[in-house]
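Input sequences plus hints: build the corresponding full structure.
Heads up: take any position in the sequence shown, counting from 1, add 34, and you land on our numbering.
Treat the hints with care, as some may be off.
[Said to hold, decoys possible] In silico SDA-like links for lysine to any residue, alpha-carbon gap of 20 Å or less:
no. : residue 1 : residue 2
1   : 176       : 50
2   : 64        : 48
3   : 116       : 104
4   : 173       : 185
5   : 155       : 103
6   : 159       : 145
7   : 59        : 181
8   : 182       : 125
9   : 79        : 124
10  : 61        : 175
11  : 159       : 96
12  : 97        : 155
13  : 182       : 37
14  : 61        : 117
15  : 74        : 154
16  : 61        : 135
17  : 173       : 125
18  : 107       : 179
19  : 155       : 90
20  : 64        : 75
21  : 64        : 53
22  : 182       : 132
23  : 61        : 90
24  : 98        : 116
25  : 173       : 140
26  : 178       : 117
27  : 129       : 37
To be clear, the hints were calculated from the coordinates, so they are not data collected in a lab.
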Amino acid sequence: MIRAIFTSESSGSQLRFHNNAELLKGKGIKGDRYFSGKGKYSGIKKWDANLTIISEEPFLELKKKEGIFIDPKDLRRNIIVKDTNLSEFVGREFKIGNEVICKGRDYWPPCAYIVELTGHKEIFKYLARHCGIGVDVIKSGKIKRGDKLELLNNTI
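In structure tokens, the structure reads:
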């Protein structure tokens, strides 16, 4: 389920929180840096996803086990979800809400740029395998907080 939706106008600019958003096929979230080609990794085929999704549970677990709080939004992903095993979405098509269809591309590891922006060196040690996935939008539509992510009947 979607807990939060974020966009940023350009690489490094402040994230803006949204209750809902419009996603366009092959582009991502309207108004986001990757939609407009102004993201840190825009134009780099491997890392230029339409949007990114991250799960909040690893961050809650880190706080519980190690006493380290890192806000999932610090990793600058577009969508934060809960109760969603994102590893199941890599290489598969899925629906967000009632309209949008996406395809999971790959795991999205943390980068030195994010560590530099946040100052959280712990990201590499504790969260390297839990930093979300990159996604391509294959059917346009609108999403909102509370929408569920549902795998479609296809295989990897």
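Exercise. Keeping to a limit of 20 Å between CA atoms, is the pair of residue 107 and residue 179 held or broken?
Worked result: 15 Å, holds
For this session: Measure nothing beyond the straight line between the CA atoms of residue 61 and residue 90; if it is 20 Å or shorter, mark the hint as holding.
Result: 25 Å, violated
For this session: Mind checking the alpha carbons of residue 173 and residue 125 for me, to see if they're no more than 20 Å apart?
Result: This hinted pair holds, its Cα atoms lying about 16 Å apart.
Problem set entry | Hint consistency between residue 61 and residue 135 [alpha-carbon to alpha-carbon, up to 20 Å] | 13 Å, holds
Exercise. If you draw a straight line from the CA of residue 176 to the CA of residue 50, is it 20 Å or shorter?
Worked result: 17 Å, holds
Exercise. Do the alpha carbons of residue 182 and residue 37 lie within 20 Å of each other, as the hint requires?
Worked result: 10 Å, holds
Exercise. Within 20 Å, alpha carbon to alpha carbon, are residue 159 and residue 96?
Worked result: Roughly 11 Å separates the two Cα atoms, so the pair holds.
Exercise. Under the criterion that the straight-line Cα-Cα distance not exceed 20 Å, is the pair residue 79, residue 124 satisfied?
Worked result: 17 Å, holds
For this session: Would you mind confirming whether the straight-line C-alpha gap from residue 129 to residue 37 stays at or under 20 Å?
Result: 16 Å, holds
Exercise. When you check the alpha-carbon spacing of residue 155 and residue 103, does it fall within 20 Å?
Worked result: Holds, because 12 Å separates the two Cα atoms, which is no more than 20 Å.
For this session: Would you check the hint for residue 98 and residue 116, treating anything up to 20 Å between C-alpha atoms as holding?
Result: Within the cut-off at roughly 16 Å; holds.
Exercise. CA of residue 155 to CA of residue 90, is that 20 Å or under?
Worked result: Given that 20 Å is the threshold and the Cα spacing comes to 18 Å, the pair holds.
Violated hints, in rising order: 14, 23; the structure is consistent with all others.
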